[in-house]
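> Letter by letter, the sequence shown follows residues 454 to 620 in our numbering.
I should point out that these hints are in silico values taken from the structure, not numbers from a laboratory.
Each pair of labels, with its calculated beta carbon distance range:
(1) Phe553 to Ser471: 37 to 43 Å
(2) Ala532 to Lys593: 30 to 36 Å
(3) Ser471 to Asp533: 15 to 21 Å
(4) Glu507 to Glu486: 19 to 25 Å
(5) Asp508 to Glu581: 36 to 42 Å
(6) Phe553 to Glu584: 20 to 26 Å
(7) Tyr569 to Gly504: 19 to 25 Å
(8) Gly504 to Glu530: 22 to 28 Å
(9) Lys506 to Arg549: 41 to 47 Å
Backbone N, C-alpha and C fix where the C-beta goes; we use that ideal spot for every residue, glycine too.
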Amino acid sequence: MATKLKNLSAYDPAEIPSAKKMKFGIVVSDWNEEVTKALLEGAYQTLIGNGVKEDNILVKHVPGAFELTLGAQFMAEYADLDGVICLGCVIQGETRHFDFICQSVTQGITQLNMDYNIPFIFGLLTTENLEQALERAGGKHGNKGVEAAITAIKMAHLQQEMEQLEG
454 MATKLKNLSA YDPAEIPSAK KMKFGIVVSD WNEEVTKALL EGAYQTLIGN GVKEDNILVK
514 HVPGAFELTL GAQFMAEYAD LDGVICLGCV IQGETRHFDF ICQSVTQGIT QLNMDYNIPF
574 IFGLLTTENL EQALERAGGK HGNKGVEAAI TAIKMAHLQQ EMEQLEG
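Please model the complete structure; the sequences and the hints are all you need to start from.
Next up, the structure:
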């Protein structure tokens, strides 16, 4: 979703399904902590604000964005969750390292969505500089963590709806 003309934190509460009985994991990268801490706060408070009990939110930290995929896989394997939110921030540097990390995390989270029967939400900021990252972590473009939490609720609800069709 392009952020140039959109506030990531804007959503219509009437369009959000009930999350009162849902359980979510949040795996967050400690790299670029100023940014990722704000993403985590946005996601966590959005889940709480939409009815998720604090006891139903599992938060785990990983060293960097590259480790988000394995951290999310651990959550899926060892916890009974309705979805996993992956939060991180990669800022363009002078080398191609940015490209390799972004591509790896994107492919890894996509693969988790295909391999497990729960949604994994891509909340990785990929920006050119720290200013852009901060604008998307509570600044003028809102908070990507909020968007990720809303997406997690909607996708978990979709899965529940589809499972009811089987019955």
